[in-house]
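K.L.:
Sequence:
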Amino acid sequence: MIARIWSGESPLWRLLLPPSWLYGLVSGAIRLSYKLGFKRAWRAPVPVVVVGNLTAGGNGKTPVVIWLVEKLQQRGVRVGVVSRGYGGKAAAYPLLLTPETTTAEAGDEPVLIYQRTGAPVAVAPERAAAVKAILAAHNVQIIITDDGLQHYRLARDIEIVVIDGVRRFGNGWWLPAGPMRERASRLKTVDAA
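In our numbering, the protein residues as written are 16 to 208.
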């Protein structure tokens, strides 16, 4: 049902326009508050690369993160990865992953990244806390965030947006009437898509 609404196949999306306008207004105000300096983002002492998306749902960010980590590792770069850890519930945050960390604690994507790359991975709702945990425990040269394009509390040096090649931007509306977290025009401000 959601897929039909977000693709514009169902007329029900029109009923969801008022909360979508509110979502767009609030998310735009948050981004603007950081852009204008009313709120300050925490800047890590190493470069931060955000791999994110403009739409809700899986868009293939994690495979891109794994690929990027592996390419940097092949060049001898020490990489750390941070994630929100959707689907996991740790006893305490930030959680630095170990070989014993379960998907129930950290979420499936952080565990997959850790197992595939061996890179230090930290999970926390507040991504700056995850970055600080990695930096305290590991001598990394760069941080990659799996998701977090709309998490403006963490300053970033590079933004990469992953777009679903089939669904693209659906009907183009903000949540909940459509799949958009931000407007497609945001692509003009990112480094790669």
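Note that these hints are calculated values from the structure, not bench results. Small disclaimer: the values here were computed from a predicted structure and weren't measured. Just so you know, even glycine gets a beta-carbon here, dropped at the ideal spot from N, CA and C. Do not take every clue at face value.
[Said to hold, decoys possible] Using C-beta positions, here's what the derived DEER-type ranges look like:
{"id": "1", "residue 1": "W82", "residue 2": "A106", "range": "17 to 27 Å"}
{"id": "2", "residue 1": "S25", "residue 2": "A107", "range": "38 to 48 Å"}
{"id": "3", "residue 1": "T118", "residue 2": "Q88", "range": "36 to 46 Å"}
{"id": "4", "residue 1": "T118", "residue 2": "G75", "range": "32 to 42 Å"}
{"id": "5", "residue 1": "A152", "residue 2": "A44", "range": "27 to 37 Å"}
{"id": "6", "residue 1": "W82", "residue 2": "Q165", "range": "19 to 29 Å"}
{"id": "7", "residue 1": "E141", "residue 2": "K86", "range": "23 to 33 Å"}
K.L.:
Evaluate each hint against the coordinates.
P.N.:
A quick look at each hint next to the structure:
1. W82 and A106 have their C-beta atoms about 31 Å apart, which leaves the hinted 17 to 27 Å range violated.
2. Between S25 and A107 the beta carbon distance is about 42 Å. The supplied range of 38 to 48 Å therefore holds.
3. Between T118 and Q88 the C-beta distance comes to about 23 Å, which lies outside the given range of 36 to 46 Å.
4. As the Cβ distance of T118 to G75 is approximately 19 Å, the hint placing it in 32 to 42 Å is violated.
5. Between A152 and A44 the Cβ separation comes to about 36 Å, which falls inside the hinted range of 27 to 37 Å.
6. For the pair W82 and Q165, the supplied restraint of 19 to 29 Å holds, since their beta-carbon distance comes to about 22 Å.
7. As the Cβ distance of E141 to K86 is approximately 28 Å, the hint placing it in 23 to 33 Å holds.
Figure legend: structure checked against the earlier numbered hints; hints not met, in rising order: 1, 3 and 4.
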